Amino acid sequence: GENVEQHPSTLSVQEGDSAVIKCTYSDSASNYFPWYKQELGKRPQLIIDIRSNVGEKKDQRIAVTLNKTAKHFSLHITETQPEDSAVYFCAASKGSGAGSYQLTFGKGTKLSVIP
Amino acid sequence: SAVISQKPSRDICQRGTSLTIQCQVDSQVTMMFWYRQQPGQSLTLIATANQGSEATYESGFVIDKFPISRPNLTFSTLTVSNMSPEDSSIYLCSVPDTDYGYTFGSGTRLTVV
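If you read the protein sequences in the order shown, they are chains L and V.
Using our numbering, you'd call the opening residue of the first sequence number 566 and step up by one each time.
Using our numbering, you'd call the opening residue of the second sequence number 27 and step up by one each time.
Okay, chain L solo, but in the shape it has when bound (with noise of 0.2 Å):
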């Protein structure tokens, strides 16, 4: 089954840098990789996805971008400020819609962004 690793499992930046998170996954089916904050005592939310027949997406001060060939996805946050505080989780799928699959989580990183 599908495997995916993510690093680092902690993160600190002051604010306003940048903090980059990296998952590699294993099975080269897998066809879209989201990205999911949680606060805590809170679920998952979607900050952004990509799928495999796209290199990078943005979305303001969020980035994904995805290398195929090496089965590796990174998240990059700009300009971070303390509400991005929070624990981060890459995952991967071959996909959901009429033929769902599951999600496959990385083990999170806990970002904490220092005023």
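Honestly, the hints are just simulated from the structure, not real lab data.
Treat the hints with care, since some could be wrong.
[As the list claims (entries may be wrong)] Within a straight-line C-alpha distance of at most 30 Å, the following computed DSS-like cross-link-like pairs (lysine-lysine) qualify:
1) LYS659/L / LYS91/V
2) LYS33/V / LYS607/L
3) LYS672/L / LYS33/V
4) LYS587/L / LYS672/L
5) LYS659/L / LYS33/V
[As the list claims (entries may be wrong)] Non-contacting residues of chain L with respect to chain V, defined by C-beta distances greater than 10 Å in every case (computed):
6) PRO573
7) GLN579
8) ASP614
9) ARG626
10) ILE679
Bear in mind the structure is a predicted one, so any value in this text is a computation, not a measurement.
Idealized CB from N, CA, C, for every residue including glycine.
Model the placement of chain V on the given structure of chain L, informed by the hints.
Frame of chain L; chain V shown alone:
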């Protein structure tokens, strides 16, 4: 996107008892996924629930411990049976949403004493 109502939001249960968690979706979905999130850990898939067929369980999870019902395309239940303190976790249901997205229920925080 789909909206999921998950109940209960939290419960404290005695060891040896069972708890049934419900998820109601506001639209019809073929598959529903049940995850467990142990304290400070990531999400681990328990099983995939299809309407009209037996759920498919992941390695380490068995039907006797986590029976699942899926009576229609908008509803599912997960029961945590014969509970022990090791079952204390957050349990979440999830459904496929857009072509590639997934939506999660709000979670059930279970504490077994």
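Verification of the hints:
1. At most 30 Å may separate the alpha-carbon atoms for a hinted pair to count; LYS659/L and LYS91/V meet this at roughly 28 Å.
2. At most 30 Å may separate the alpha-carbon atoms for a hinted pair to count; LYS33/V and LYS607/L meet this at roughly 14 Å.
3. Straight-line distance between C-alpha atoms of LYS672/L and LYS33/V comes to about 26 Å, which keeps the hinted pair within the 30 Å bound.
4. This hinted pair checks out: LYS587/L and LYS672/L have alpha carbons roughly 11 Å apart, not beyond 30 Å.
5. Among the hinted pairs, LYS659/L with LYS33/V is consistent with the structure: their alpha-carbon atoms are about 29 Å apart, no more than 30 Å.
6. Its beta-carbon lying about 14 Å from the closest one in chain V, PRO573/L satisfies the requirement of being farther than 10 Å from that chain.
7. With 10 Å as the threshold on Cβ separation, the claim that GLN579/L sits away from chain V holds: the shortest Cβ distance comes to roughly 25 Å.
8. Not every C-beta of chain V lies more than 10 Å from that of ASP614/L, the closest at about 7 Å, which undercuts listing it as non-interface.
9. Its beta-carbon lying about 21 Å from the closest one in chain V, ARG626/L satisfies the requirement of being farther than 10 Å from that chain.
10. Every beta carbon of chain V lies more than 10 Å from that of ILE679/L, the smallest distance being close to 21 Å; the non-interface claim holds.
The structure does not agree with numbered hint 8 stated previously, though it agrees with all others.
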